[in-house]
Structure formats: structure tokens, C-alpha cells
Amino acid sequence: MSVFWKKRTIKILSYVVVIAACLFFLFPIYWTLVTSLKTRLDAFSSIPVWFFKPTFKNYQIIFFEKNFAYYLKNSVIVVAFSTVIGLLLGVTSAYYFARLKVYGRENILFWILSLRMIPPIVAVLPIYLIMRNIGLLDSRISLIIMYVFMNLPLIVWIMKSFFDEIPNEIEESAMVDGCSRFTAFIKVILPLSKPGIMATSMISVIFSWNEFLYANILSGSFSKTAPVGLTEYATPVGIMWGQISAASIVTILPVVILALFLQKYLVRGLTLGAVKG
Amino acid sequence: MNTDNNIRIKLQKIPENFPWPLWPTLIFLFVICIYPLIFLIRLAFMRWNLISISGRYFVGLDNFIRIFNDHDFWNSLWVTLIFVLFSVGIQLFLGMFLALILNQDLKGENIFRGLLLLPMLLTPVVTGLMWRFMLHPDYGIWNYLISLLGIKKIEWLSSTLLALPAIIIVDVWQWTPFTFLILLAGLQSLPREPYEQAQIDGASSWQTFWFMTVPLIKRYILVALLLRLIDALRQYDLIYMMTRGGPINTTETLSWHIYQVGFKFFEFGHASALAWIFLIIAIFISKNFIKMLQTESYIN
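Protein sequence lines correspond, in order, to chains V and A.
First residue of the first sequence: 216, per my numbering; consecutive thereafter.
First residue of the second sequence: 24, per my numbering; consecutive thereafter.
Please note: incorrect hints may appear among the correct ones.
[To be verified] Here are some, though not all, of the chain V residues that point toward chain A, as calculated from beta-carbon distances under 7 Å:
id, residue
1, Ser229
2, Ala235
3, Cys237
4, Ser261
5, Pro263
6, Phe266
7, Pro334
8, Leu340
9, Pro341
10, Ile342
11, Asn348
12, Phe364
13, Phe427
14, Ala474
15, Leu477
16, Thr486
[Said to hold, decoys possible] Simulated crosslink set (DSS-like; lysine-lysine; CA at most 30 Å straight-line):
id, chain 1, residue 1, chain 2, residue 2
17, V, Lys281, V, Lys402
18, V, Lys316, A, Lys314
19, A, Lys176, V, Lys268
These are calculated hints, taken from the structure and not from any lab test.
As the structure is a computational prediction, the values presented were derived from the model and not from experiment.
Ideal Cβ placement from N, Cα and C applies to all residues, glycine included.
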């Protein structure tokens, strides 16, 4: 076969593979969306119904008859607080790791990063007992604490690589002009590292929003987050597929929208930060 | 080695730029991490059923001996091994394959990459639910599709043979985009000249792949492997939503086993001993990978 046709076929096959991959990776999401908009008759037929009249009944039920909105509110509160606190602690620590000759720096850094390797079930056993003893079970605070702990290693890891890329001279020239290191940090370095902070906060938000294990074990009816609240629709009698699909779509929607708009930050954070670290 | 001597000498003078801002972070992490772990190791040597009146009492190594003789424990290790090996292995290959394909200058590359990103952003419990519905024996779409090929309906999640493969497939579905992203970034960071030179020298694409591409993006492969291994080890959400460790214990990974012992049977002593074993395994794996990563950066 001539080179031209060989290249042509590879190109065509590549497009076919990519489109097939997109179909494979997107179909389940589409199917859940569609199921949430179907009547029970359409959703449970053994022959899949492709064209149907959509109904918002499922969404109505989860928002007005059950209190899914409350679980969403819990999720928002927990994620917002834990991200902000995580960034405050993580960005400042990462800066100090990147800039100053902290003694035992490599060891402390290594210890912080190794915290990410702890399986959650290992951490939750003692934490559950401790929270129970101090009365913080079923509280949003316990979740906020756990999520800060969960995300801090990643925040420090990624932000340190971003700070490493900014040359020392920039702060030094600012400090020569009379700034303290602190002012130099706030006025000069932070604006420069906006992409890094965007990326880290996105990753932190996504992981906290989607977290299930800690939330399931440590929360109760007061502090339940959305992923845990979803499981309410899996009753002992049977799973209310229409409602659980609607709840699922509502749960994944914020993250999907966030990621589609800020895609490049997400990719950059995952790859640059993860790899250079 | 050397660092200990350095720390000892330098601690004698307090440096001017002592990292005061670091203390909140370090204290927080210390309290959340070290104290619970110490608590956990004390518990590992005790028998304590949370809902029984006998409270907790010291039993020494008894928990560990029990675990060693416990068939459920060895089963959970085996299930975890199969799950991690297959799911991470397939993700790596699929991710590499997709990354290679998308590394060519295709039109709409950004759109495709954005779309392919979606599965890993989803809440894992939602993913479990989505697939549980699709794999439903009666109204699931998968059974409908295979019935078109003449195969009879399969009870995926209640089959002792197929439940674990089903979970592996779902994990692959959710996380291949992750390996794909990292490997694509790796491929895109490669310089063009060596490839043009290799083409002039007449190397086949297979040779250029194995002997040029793979070594050059070794760092990316290692990072993807490390992160996926650690996360696959701790998989919990999918099992919770899809099989609860069943049927029988064919999908009971170590993570799920610990959860059952601790929060279903409330045997916290036994669970703590198990948790320590799990922790040691996780640390062992990650230490080795991080060492590999560090040697990589020294070579570079």
C-alpha cells in the first residue's frame, strides 16, 4: 500500500476510535440523564426506549417531597470551607517549602505527601471513635476537617511545583524595593500563581464534592452530603431508579459544568503538578 | 544519613527565617494523622466490640494470629490483588492507546479531550449507580444489547463469576480518562527531532514506541501508575453501590473487608489490626514508586 493511503487509513481509523471512545465514555452519563427524565413505564421497559416524552416528575420529587436540596446545601458548605482552609494552609506551606531552607525540609515534605497514601478506611476507624468521644459525629465540622486533611497533601504538592517555577529574583527585587517577604508574597507571587491556585482549588473542590467514605461513616441526618443523600433512594424495598438518577444528575452537574469551563486549569494542575512534583 | 548530622548541628542556632507560618499546617496534620494512628495501633492489640458490654481488653498479638488464620482475610487480599492488577493494567494500556491516537494533529482535539475527561469527574457512587442500572438483568441496556447478539440475559452483579469483572470494567471506565490525560501530557512534551531522525534511520513505529517513547515518558507512566495503584487499592464507593462485597465474598476487597469488620460487626480491635496491615501494604507500594520517581529525576 502506498504511504499516502496508509497514512490516510490511519487517520480515518483514528477518528473512528476517538469517536467510539467518546461514545463509550459518555453513554452511561447520557443514559442516566435520559432515565431521570423518563416516566417509570419508559424507564423500566425491557426494550430500551430511545424516544420518549420527558417529564420532570423525578426532579420535583427529590426537591419538593424529599429534602435533597438540604444535602446539596451541606455539600456546598463542607466543600467551600474545606477548600478555603485547605488553600490557606496549603499555599502558605508550599511557598515556604519552595523558598526557604527549612531544616529537614525534604523529610517533612515527604511526610506530608505520604499522607495521601493512607487508605481512607484506615484513617476513619480511629477518627470515628475520636469524633464519637468529642461529640462531633454527624457534624459538618468533622467533614470539613477530614476534607482539609484529605486535600492538603495534593495542594502542597501542586503549589510547591508552581512556586518552584517562579524564580527567586522576583521576590528579591520586590524586597529590595522595600517590601517585607509577606507583602512580596501577597502582592507579587500570588497574582503570578493564579493558574496554579485555580487548578489546585478545582481539584480540591472536585475531590471533596465527590467524597463518599468519610461522609458516609461520619455523617448522619444533620450533616449528610449529596453523595450520601443519594443512597436514600435505594430503599430496602427497591431502588427508585427515576429519583436516584435525577439526584445523580444534580450531584454531578456542578462539577461537570465547572470542569468544562475551566478544563485547561484542571488538566494543567493534574499533569504539571503531579508530574513535576 | 547525612541529614541527621546536619539537623543536629543546625538546631544549635535558631535561624532567622524560622517558618512560623508552617506551624498551623504541621500541627493540624500531626493531630489528625499521628494521634489517630497511635490510637489505632493500641487498638490493634485489643479486643473491642463496640456494641457489647464487655468493653475493651488487651489481647496482645491475638488479633494478628486470628487474621493470619482467617480465610476471609486471605480472600480479600486475593480479590484486591486481582482487582488492582487488572483494573490498573487495563487503564494504563487503554490510556496509552488513546493518548497515542490523540497525539496526532486531529481536528477538534480539544473537544475530544474535554469530552473524554468527564468520567473521572463523576462522583464514584453515581458511577456505581449508573452502571448498576445499565447492568440490571431486566431493564439494563447491556443485557438488551447482548440479547441482540443472541446471548441470553446475564445477571452481572449477582454472578459469582462476573461480579468482580463488572466492577473492574466500571473502574476502568471511570479512570482511563485519568491515565489518558497524564500520558497525553507526557507524549505532548516530547521533542520532535529524535522521531524525525529515527524515521530517517528507518526504524519501525513499534521500535520507536518501545525504545524511544516509553523511556522518555517513563516519569509520566510512573506517576499515573502510582496514583492509580493507590486509588484502586482503596476502592470503596463502587463496591458499596454495586455489590456490597457480594455475591458471597467475591468482590470483598481488603478495604471493604475492614469496613465490614469495623462498621458492620463492630469488632474494632480486629479491624484496627487489619487496618495496620493495609497501611503497611500501601506505604510499601508507594515508597517503592516514589523511590523510582526520584531516581528518574536524578537521571534527568
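Hinted contact Asn348/V with chain A - closest CB pair below 7 Å | violated, 10 Å
With 7 Å as the cut and Cβ atoms as the points, is Ala474/V at the interface with chain A?
-> holds, 5 Å
Under the criterion of a CB-CB separation shorter than 7 Å, is Ile342/V in contact with chain A as hinted?
-> holds, 6 Å
Interface hint for Ala235/V, Cβ within 7 Å of any Cβ on chain A | violated, 10 Å
Answer holds if the nearest beta-carbon of chain A is closer than 7 Å to that of Phe266/V; otherwise answer violated.
-> violated, 15 Å
Given Pro341/V as an interface hint, is the shortest Cβ-Cβ distance to chain A below 7 Å?
-> holds, 4 Å
Does the structure keep Lys316/V and Lys314/A at a Cα separation of 30 Å or less?
-> holds, 23 Å
Answer holds if the nearest beta-carbon of chain A is closer than 7 Å to that of Phe427/V; otherwise answer violated.
-> holds, 5 Å
Status of the hint placing Phe364/V at chain A (closest C-beta pair under 7 Å) | holds, 5 Å
Hey, does the Pro263/V contact hint survive, CB to chain A under 7 Å?
-> Given a least distance of 5 Å, the restraint on Pro263/V holds.
Does Ser261/V pass the interface check with chain A, least Cβ-Cβ distance below 7 Å?
-> Interface hint status for Ser261/V: holds (6 Å vs cutoff 7 Å).
Return the status of the interface hint for Pro334/V: holds when the least beta-carbon distance to chain A is below 7 Å, violated otherwise.
-> holds, 4 Å
Of the numbered hints stated above, those contradicted by the structure are hints 2, 6, 11, 15, 17, listed in ascending order.
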